[in-house]
Structures are given as C-alpha cells and as structure tokens.
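Participant: Chains as they are written, first to last, in my numbering: chain A, 1 to 201; chain B, 1 to 201.
The hints are all genuine.
Each pair may be met inside one copy or between any two copies, as identical chains are not told apart.
Within a straight-line C-alpha distance of at most 16 Å, the following computed EDC-like cross-link-like pairs (lysine to aspartate or glutamate) qualify:
#1 K37 x E65
#2 K23 x D90
#3 K58 x E125
#4 K161 x D132
#5 K15 x E38
#6 K37 x E53
#7 K58 x E133
In case anyone wonders, no lab produced these hints; they're calculated from the structure.
Residue strings, one per chain:
2 protein chains.
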Amino acid sequence: MSFSPLIDQLISTLKYLPGVGNKSAQRMAFHLLQRNKEGGRQLAQTLSQALQEVSNCKRCRTLCELEVCTICSHPKRDPRVLCIVETPADIVAVEQTANYRGLYFVLMGHLSPIEGIGPEQIGIEQLRQRLDEGEIAEVILATSTTVEGETTAYYIAEITKSYPEISTTRLALGMPLGGELEHLDGSTLARALDQRSKVIT
Amino acid sequence: MSFSPLIDQLISTLKYLPGVGNKSAQRMAFHLLQRNKEGGRQLAQTLSQALQEVSNCKRCRTLCELEVCTICSHPKRDPRVLCIVETPADIVAVEQTANYRGLYFVLMGHLSPIEGIGPEQIGIEQLRQRLDEGEIAEVILATSTTVEGETTAYYIAEITKSYPEISTTRLALGMPLGGELEHLDGSTLARALDQRSKVIT
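Chain A extracted, bound-state conformation:
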C-alpha cells in the first residue's frame, strides 16, 4: 500500500536528504503539502536556484554563488596564511573564533580510498598551484582528527615539505575546554600530556 504516485515520488526524493528515512520523508511531504505550502514553494525555488548558481570558489573551492568568495576577495585578509579545512562548515567554525585573519583552502572532503576520494577529488593539484604562487608563508592543517582527516593532513604535509619557505602547522591536540579528565579518551590524554605547556604566572 502506498499513497498516490506523485506523493510517493515526493517521499522518495525527500529521502535524498541525508539522515532522512521513510517515516521522516512521509512526515515532511505531508507537512509541506498540507501545512506549509508557501514554505514548500520557497524551498523548491531556492533549491533549484542554488543548484544552478552555486559552484566552487575559484580560489579556495568553498561553495559559493560568486566566482571568488567574499573571504578570498576580502582586501584585509592576510594572504600569507592558508588554513586547510575539509568543508565550508569548517570555515564557519574557524571564523566564529574571530581569531583568524588568513585565507582558506577547502578540500570539500578528505582522502578516503574506500569512497573513491583521492587527491584529485580534494583539489590537491589546485593547492599545489596555489603554493607555487609563492605568496604563502604558513599552511595550517585544520582537517578533522579522524583517521581520514589525519591521513589527509599527513598527505598535505608531505607536499608542503617541498616548499622550504612554507611553515606547516597542525591544530593543537588536547583537552577540550569544559572537558572532564575522567571522560577523555586515552589517546587524546596521552597527546595532551605529551604536549603539555609551561604555566606562565
């Protein structure tokens, strides 16, 4: 038993959304068709416009409807520092610290042979060209601390090695603020111990 063909089709296409299964898709379809038609119209229209207009920034590869994103084209950002992140959402996270004034390079993923994501998919060639321009003095590896993120960071560090004028750094590993020692995993605690710093009083 199913609904009418068009409603069934709407439910299946809603399942393209990550994290949406059959029950949620059904609930979403009924909600849009019955309770929020105007919202549904806006969603369909914006989605279709975004799919047409959004592509990758020519400089940093982030998702953006401009040719060059606002950060890359900002005159006050420091072009000598390049922070390498996995996703556009990571840029937002770093920007929220309000501590960083350099530029970004977005891999749009991480190396993952299982998913068929190799150096080509994460824009390594474009990164090399960027480094070849000679303006960058520091590369900050800000990939995740997952296995894939660490592998990707290691892979990029191998590349930056051949640019002796570039200093390559990695985000510090340690206890998160507000974290309880008792609940911290062993590897993180080991790294935090290993990289302990002198208390300045």
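Take the given structure of chain A and dock chain B to it, following the hints.
Facilitator: Relative to the frame of chain A, chain B by itself:
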C-alpha cells in the same frame, strides 16, 4: 559569520521541513550542492510539481493528485462502512492490516483549540453531508488515543448520534501485541481489564 547569501537562504528554507534544525539544514544543503546535485534537482522539481497538483480528494479529503482518490473510486470497496482517521498516513496503516474493505474520511488533523483547529478545519461539514447521503451504516472512529484524538472522536460521536441508522464504533483499546504488562501504562491496563473478553477454547 555565515555562508554566501544563496546558501544561507537554502539553509533557512530547508528548516521549513519538520524536525530539521540549523545543523541538519546545513548538512542537507552541502550534501545536495556538493554530493547529489541530480537528487537535489529531482527533489526541487517533484516538490514543486506536487505542490501544484496535489490537493484533497473530493470524497475523503486525503492528499491526492486525482479529483477522487483510488480508494474512494474503487468499485469493490464497501460504501456502507466509513473509517474516520486523522491523516493520510493513518490510511496506509489501516490498509496494511489488509482487513478493512470500507471507505475512509480523513480529518487532516484533530480538534485543537490551542492550534486554532476547530470543526471547520477538520471537515466536519463535509462529513455531515456524507452522512446525509444515507449510504453509510457504520462509522469507525479511528482517531489517535491522544487527548486531541479522543476529543475529536467524542465530538464526531455526538454528531453521528443524530443518525439513528448509523452504528458508531471506536477502535478497541488494550494491550498492544508483544507488549509487556510491566511496561504498560495504568490507564491502558485499566481499560484492557475492563474490556476483557471471554477466552474461547
């Protein structure tokens, strides 16, 4: 800090979907823009088509792109039995039992003065007209057993009272199959005890 204007707008419109907050909307937007553009296009297109074509069945009020839904127009369904449910999904649930051959009437909600849903919004006038046609011999109240569902069932039972030829029934209340007595709530257990039936051996 935010993304580009168009991506921000896509994220806000994705939040029209029930159960989708900021983080999920962001994940959905990036997924569609980066990993599944074709799926995104299909979603936008199907959603927009469904919003245009789907409306309510003239007989039972369920969501449907036909004037009269396939159940209402089915020649083999018994037109003397009318099962009253809250949503189109409830029809699917009842149909899956494969035990019911009558017709449906979908309230598309339940009485809820707080949400501004009164008799008019749940199609009571249309239900009265349906009862006036004189073909119906039994009305099965299959609303939920929530406060609103019970209130709605009671409200409709008051209406059917004035049709002496119609017998009004309500779904049985009791222990669900596979349920453990120990975890059953008190009110349900009380009803199950009260409405106990003789074991036929």
